[in-house]
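Use the sequences and the hints to build the structure in full.
The listed protein sequences derive, respectively, from chains Y, F, R and W. FYI, the numbering for the first sequence is 1 to 245, going by the working numbering. FYI, the numbering for the second sequence is 1 to 245, going by the working numbering. FYI, the numbering for the third sequence is 1 to 245, going by the working numbering. FYI, the numbering for the fourth sequence is 1 to 245, going by the working numbering.
Treat the hints with caution; some may be incorrect.
No copy labels: a pair is met if it fits in one copy or bridges any two.
[Said to hold, decoys possible] Heads up, simulated BS3-like pairs for lysine-lysine below, C-alpha to C-alpha not over 25 Å straight-line: (1) Lys216 <-> Lys139; (2) Lys39 <-> Lys65; (3) Lys216 <-> Lys22; (4) Lys22 <-> Lys111; (5) Lys39 <-> Lys111; (6) Lys139 <-> Lys39; (7) Lys186 <-> Lys245; (8) Lys216 <-> Lys161.
No lab work stands behind these hints, which were simulated from the structure alone. If you're wondering where the values come from, they're calculated on a predicted model, not measured in any experiment.
There are 4 protein chains.
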Amino acid sequence: MLKQTLLIALFAGISYAGAQTKFQPQDTEFYEPVPPVVKTSRTAAPSDAIVLFDGSNLNEWVSEKDGKSPAAWTVQGQVLTVKPGTGGIVTKKNFEDFQLHVEWKSPEVIKGEGQGRGNSGIFLQGKYEIQVLDNDDNKTYTNGQAGSIYKQQPPLAEARKQEDGWHTYDILYTAPRFNSNGILIKRGMVTVIHNGVLVQYNSELQGTTEYIGLPKMVAHGAGPIAIQDHGDLVSFRNIWIRELK
Amino acid sequence: MLKQTLLIALFAGISYAGAQTKFQPQDTEFYEPVPPVVKTSRTAAPSDAIVLFDGSNLNEWVSEKDGKSPAAWTVQGQVLTVKPGTGGIVTKKNFEDFQLHVEWKSPEVIKGEGQGRGNSGIFLQGKYEIQVLDNDDNKTYTNGQAGSIYKQQPPLAEARKQEDGWHTYDILYTAPRFNSNGILIKRGMVTVIHNGVLVQYNSELQGTTEYIGLPKMVAHGAGPIAIQDHGDLVSFRNIWIRELK
Amino acid sequence: MLKQTLLIALFAGISYAGAQTKFQPQDTEFYEPVPPVVKTSRTAAPSDAIVLFDGSNLNEWVSEKDGKSPAAWTVQGQVLTVKPGTGGIVTKKNFEDFQLHVEWKSPEVIKGEGQGRGNSGIFLQGKYEIQVLDNDDNKTYTNGQAGSIYKQQPPLAEARKQEDGWHTYDILYTAPRFNSNGILIKRGMVTVIHNGVLVQYNSELQGTTEYIGLPKMVAHGAGPIAIQDHGDLVSFRNIWIRELK
Amino acid sequence: MLKQTLLIALFAGISYAGAQTKFQPQDTEFYEPVPPVVKTSRTAAPSDAIVLFDGSNLNEWVSEKDGKSPAAWTVQGQVLTVKPGTGGIVTKKNFEDFQLHVEWKSPEVIKGEGQGRGNSGIFLQGKYEIQVLDNDDNKTYTNGQAGSIYKQQPPLAEARKQEDGWHTYDILYTAPRFNSNGILIKRGMVTVIHNGVLVQYNSELQGTTEYIGLPKMVAHGAGPIAIQDHGDLVSFRNIWIRELK
Numbered sequence: 001m002l003k004q005t006l007l008i009a010l011f012a013g014i015s016y017a018g019a020q021t022k023f024q025p026q027d028t029e030f031y032e033p034v035p036p037v038v039k040t041s042r043t044a045a046p047s048d049a050i051v052l053f054d055g056s057n058l059n060e061w062v063s064e065k066d067g068k069s070p071a072a073w074t075v076q077g078q079v080l081t082v083k084p085g086t087g088g089i090v091t092k093k094n095f096e097d098f099q100l101h102v103e104w105k106s107p108e109v110i111k112g113e114g115q116g117r118g119n120s121g122i123f124l125q126g127k128y129e130i131q132v133l134d135n136d137d138n139k140t141y142t143n144g145q146a147g148s149i150y151k152q153q154p155p156l157a158e159a160r161k162q163e164d165g166w167h168t169y170d171i172l173y174t175a176p177r178f179n180s181n182g183i184l185i186k187r188g189m190v191t192v193i194h195n196g197v198l199v200q201y202n203s204e205l206q207g208t209t210e211y212i213g214l215p216k217m218v219a220h221g222a223g224p225i226a227i228q229d230h231g232d233l234v235s236f237r238n239i240w241i242r243e244l245k
Numbered sequence: 001m002l003k004q005t006l007l008i009a010l011f012a013g014i015s016y017a018g019a020q021t022k023f024q025p026q027d028t029e030f031y032e033p034v035p036p037v038v039k040t041s042r043t044a045a046p047s048d049a050i051v052l053f054d055g056s057n058l059n060e061w062v063s064e065k066d067g068k069s070p071a072a073w074t075v076q077g078q079v080l081t082v083k084p085g086t087g088g089i090v091t092k093k094n095f096e097d098f099q100l101h102v103e104w105k106s107p108e109v110i111k112g113e114g115q116g117r118g119n120s121g122i123f124l125q126g127k128y129e130i131q132v133l134d135n136d137d138n139k140t141y142t143n144g145q146a147g148s149i150y151k152q153q154p155p156l157a158e159a160r161k162q163e164d165g166w167h168t169y170d171i172l173y174t175a176p177r178f179n180s181n182g183i184l185i186k187r188g189m190v191t192v193i194h195n196g197v198l199v200q201y202n203s204e205l206q207g208t209t210e211y212i213g214l215p216k217m218v219a220h221g222a223g224p225i226a227i228q229d230h231g232d233l234v235s236f237r238n239i240w241i242r243e244l245k
Numbered sequence: 001m002l003k004q005t006l007l008i009a010l011f012a013g014i015s016y017a018g019a020q021t022k023f024q025p026q027d028t029e030f031y032e033p034v035p036p037v038v039k040t041s042r043t044a045a046p047s048d049a050i051v052l053f054d055g056s057n058l059n060e061w062v063s064e065k066d067g068k069s070p071a072a073w074t075v076q077g078q079v080l081t082v083k084p085g086t087g088g089i090v091t092k093k094n095f096e097d098f099q100l101h102v103e104w105k106s107p108e109v110i111k112g113e114g115q116g117r118g119n120s121g122i123f124l125q126g127k128y129e130i131q132v133l134d135n136d137d138n139k140t141y142t143n144g145q146a147g148s149i150y151k152q153q154p155p156l157a158e159a160r161k162q163e164d165g166w167h168t169y170d171i172l173y174t175a176p177r178f179n180s181n182g183i184l185i186k187r188g189m190v191t192v193i194h195n196g197v198l199v200q201y202n203s204e205l206q207g208t209t210e211y212i213g214l215p216k217m218v219a220h221g222a223g224p225i226a227i228q229d230h231g232d233l234v235s236f237r238n239i240w241i242r243e244l245k
Numbered sequence: 001m002l003k004q005t006l007l008i009a010l011f012a013g014i015s016y017a018g019a020q021t022k023f024q025p026q027d028t029e030f031y032e033p034v035p036p037v038v039k040t041s042r043t044a045a046p047s048d049a050i051v052l053f054d055g056s057n058l059n060e061w062v063s064e065k066d067g068k069s070p071a072a073w074t075v076q077g078q079v080l081t082v083k084p085g086t087g088g089i090v091t092k093k094n095f096e097d098f099q100l101h102v103e104w105k106s107p108e109v110i111k112g113e114g115q116g117r118g119n120s121g122i123f124l125q126g127k128y129e130i131q132v133l134d135n136d137d138n139k140t141y142t143n144g145q146a147g148s149i150y151k152q153q154p155p156l157a158e159a160r161k162q163e164d165g166w167h168t169y170d171i172l173y174t175a176p177r178f179n180s181n182g183i184l185i186k187r188g189m190v191t192v193i194h195n196g197v198l199v200q201y202n203s204e205l206q207g208t209t210e211y212i213g214l215p216k217m218v219a220h221g222a223g224p225i226a227i228q229d230h231g232d233l234v235s236f237r238n239i240w241i242r243e244l245k
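Structure, rendered in structure tokens:
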């Protein structure tokens with residue numbers, strides 16, 4: 001009797017083990033690798049970001065004209081503003097894959113139309129432009145409006161400016177890859193969240209941004225962030241980048 | 001002589017057109033299709049979002065227990081808080097691909113450790129959990145910390161809470177696809193920005209979230225958003241979703 | 001004694017279950033869904049393929065000129081050959097995502113140079129051309145050689161013809177996807193294995209194939225396979241397609 | 001008068017250029033980079049492949065047991081056959097991303113059932129198994145049948161052997177990528193064409209192949225190709241690999 005009971009228990013135990021208790025919660029719990037801790041803020045850059053502009057100076061930038069003279073734009077009241085005619089500005093550092101945060105604001109005085117109103121742009125690796133434009137009630141081509149990959153991909157939505165007039169771009173960028181023959185094997189890819197609205201979602205780059213003619217796809221390595229001087233008094237603030245590597 | 005000069009100029013003009021000016025800027029400018037206009041705000045949902053919780057009521061939710069009785073959590077001071085023991089809450093609507101915004105806050109009184117401290121979770125399509133946890137100085141398994149795809153993928157970084165104690169999740173979700181035989185042909189994919197920090201970047205889902213045992217990958221269609229009652233007084237606010245379709 | 005032994009065995013059973021045998025091989029073995037059985041052959045189409053040309057007739061094709069009159073190319077000795085001047089041929093059926101197998105052979109008499117020698121092409125969904133060209137020792141632009149996505153992406157390698165002069169293309173195609181606004185949300189994607197050599201690997205389409213000017217990306221649904229009449233006596237055989245759905 | 005006419009013509013010429021002739025075919029024709037030439041054959045490896053087994057010897061392989069002693073399997077009549085009990089064989093070279101071609105044949109004498117009949121496997125980077133099994137009328141779990149990613153993903157179809165009893169695997173493999181913290185940032189991806197039939201299409205790896213328990217995803221670099229000794233007299237021939245880099 002005892003024997004029988006225990007045998008039943010034994011088989012029941014094995015059977016139970018096989019059928020229900022075999023997995024323990026900890027089987028699917030891992031402690032390595034350990035994600036790095038990042039402090040966050042509603043107004044400042046994450047603690048592991050490379051701060052490109054925090055309101056104080058342009059130490060991380062040079063002029064695009066010669067790639068070495070100081071960036072000549074205006075810094076006033078924590079805000080960076082294009083100084084028309086001085087040319088674009090470009091980071092000293094080069095980047096491959098990254099997350100980029102930029103805030104921008106159209107000129108106070110609205111003038112011009114289409115591409116002539118509040119135009120600037122963020123160039124990823126110095127080659128691929130996310131358009132900046134005073135887009136509100138300002139008709140232009142859709143692959144040239146704010147949030148577009150300029151002259152390539154229109155945004156999924158036209159996100160209007162926020163209450164205080166500022167725009168935010170949160171950009172995820174994976175650089176294109178080329179093989180040892182220089183042939184493109186993986187297109188560059190861009191995700192853009194514009195004022196909290198997804199406007200580019202893993203959009204593949206056709207090639208370099210060209211105002212006239214076709215995008216070009218030539219093998220390249222790491223490159224800088226550049227901001228365009230298109231002659232308009234566009235302002236920027238709170239620019240930071242996190243390398244994904 | 002004049003004639004000849006002009007003829008030369010004419011041919012030169014054509015030739016020039018062929019070799020250098022042939023492209024006009026407008027060749028790469030498109031006006032269709034037109035992205036829809038979306039009004040944005042620093043504090044409220046984009047104008048085209050489905051607001052799931054704006055601080056006033058739980059009309060968009062039901063109890064997870066039976067899928068039809070009213071969601072029984074606490075709404076107070078514009079904030080939604082888990083009522084432990086009442087079970088999870090789940091949206092009435094189902095979704096496929098989407099952008100989801102959720103803000104959450106750990107309980108005021110810190111108690112418990114590891115998974116026992118400030119635990120909740122956001123279930124995408126009711127099946128795939130983005131973990132919510134009071135993560136600060138609280139050791140647990142990395143694929144169970146805040147920002148993880150629970151029991152699958154740890155976050156790229158451990159993003160700490162913002163100044164006011166609130167966390168934000170901006171989630172991009174592409175549902176898995178199955179063929180007519182029910183075989184998975186494209187894994188589901190999740191991107192999560194946690195307090196402005198990229199913590200999941202096109203992470204592919206292994207399958208359903210399981211506390212014990214293996215993720216399962218069974219063909220399914222659209223599904224709801226669910227929030228977990230894990231017994232802790234986790235709070236939520238400003239929840240909205242934008243369908244990508 | 002018996003009791004003790006059995007108790008030990010029982011606890012050993014449970015303990016073993018919890019610590020080491022908790023996983024059983026069968027935990028990760030699934031019997032559903034069931035892949036369909038496909039008979040295969042070195043010379044004929046897989047049993048589940050739609051045979052587009054097996055050597056006997058052109059019943060699956062019409063003339064591209066009007067989309068309805070019979071395809072007017074030559075069928076002789078199990079081989080299909082372009083009849084120059086009659087225009088391309090196009091399948092009666094439309095397709096979305098698929099695997100396509102085509103064998104082709106350059107004209108017996110070599111004449112012409114560059115794009116003028118043995119030119120034809122396979123159009124996926126009637127819009128995106130995988131180039132066919134007598135490529136051997138025949139200089140042309142690299143994004144126009146055999147195995148290229150015509151005027152877009154050169155092949156990873158220039159695969160020369162096989163011993164018997166025939167070429168094989170094994171093509172995997174995922175159609176582009178557009179959202180309800182008609183905006184491209186996922187580029188079309190092509191993999192091509194040319195004579196056993198990978199020449200396109202998940203290459204994203206820039207848009208429609210255009211001889212002159214820019215690729216266009218306009219929303220569309222399912223489309224046919226088309227083969228080009230470029231005036232050269234290019235031959236084809238063993239054409240089949242398997243829908244991926 | 002003449003002058004005026006010609007000026008009109010000139011401007012007309014420019015205007016014409018701008019409106020219709022602006023694009024020349026050559027605008028979209030590129031000569032760089034140049035794809036390398038590869039000779040192909042119906043029976044032998046492409047000229048740029050690393051031949052792992054051409055029928056003559058096992059010089060490219062060692063025993064998996066110690067990673068250095070000679071591979072002890074049988075080479076006879078241009079065919080390689082498992083010598084049960086000697087353990088798997090593994091390439092001396094390591095690989096990252098690649099195209100792999102393998103032909104295999106089930107044992108002449110059919111014996112055993114399920115996983116016990118004609119079992120072997122191809123391990124990519126030594127970690128991820130594409131199953132080899134005598135699958136015909138031999139019921140087993142679908143994620144363990146021929147063409148499966150073993151214990152992970154069933155094949156899209158069950159491709160039966162060809163007329164002569166041989167099977168071919170054409171495998172495209174992109175290795176997983178990990179960031180500097182060791183966190184997975186891109187899953188490994190496998191495409192398999194089995195006897196001409198697509199059975200895995202960009203299937204993402206869940207992790208290492210485990211007979212018992214969960215796949216593991218631990219950061220690693222380049223790895224070898226390995227073939228399993230599962231105790232059955234499975235044969236192989238014509239094994240080659242092309243690195244994608």
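These are the hints, each one checked on the structure:
1. Lys216 <-> Lys139: Classified as between; 22 Å across copies, 27 Å inside a copy.
2. Lys39 <-> Lys65: neither (36 Å within a copy, 37 Å between copies)
3. Lys216 <-> Lys22: Only across copies: Lys216 and Lys22 sit 16 Å apart there, 57 Å inside one copy, limit 25 Å.
4. Lys22 <-> Lys111: neither (71 Å within a copy, 31 Å between copies)
5. Lys39 <-> Lys111: between (41 Å within a copy, 22 Å between copies)
6. Lys139 <-> Lys39: Between copies only: 17 Å across, 41 Å inside.
7. Lys186 <-> Lys245: Answer is both: 17 Å inside a copy and 12 Å across each meet the 25 Å cutoff.
8. Lys216 <-> Lys161: neither (32 Å within a copy, 30 Å between copies)
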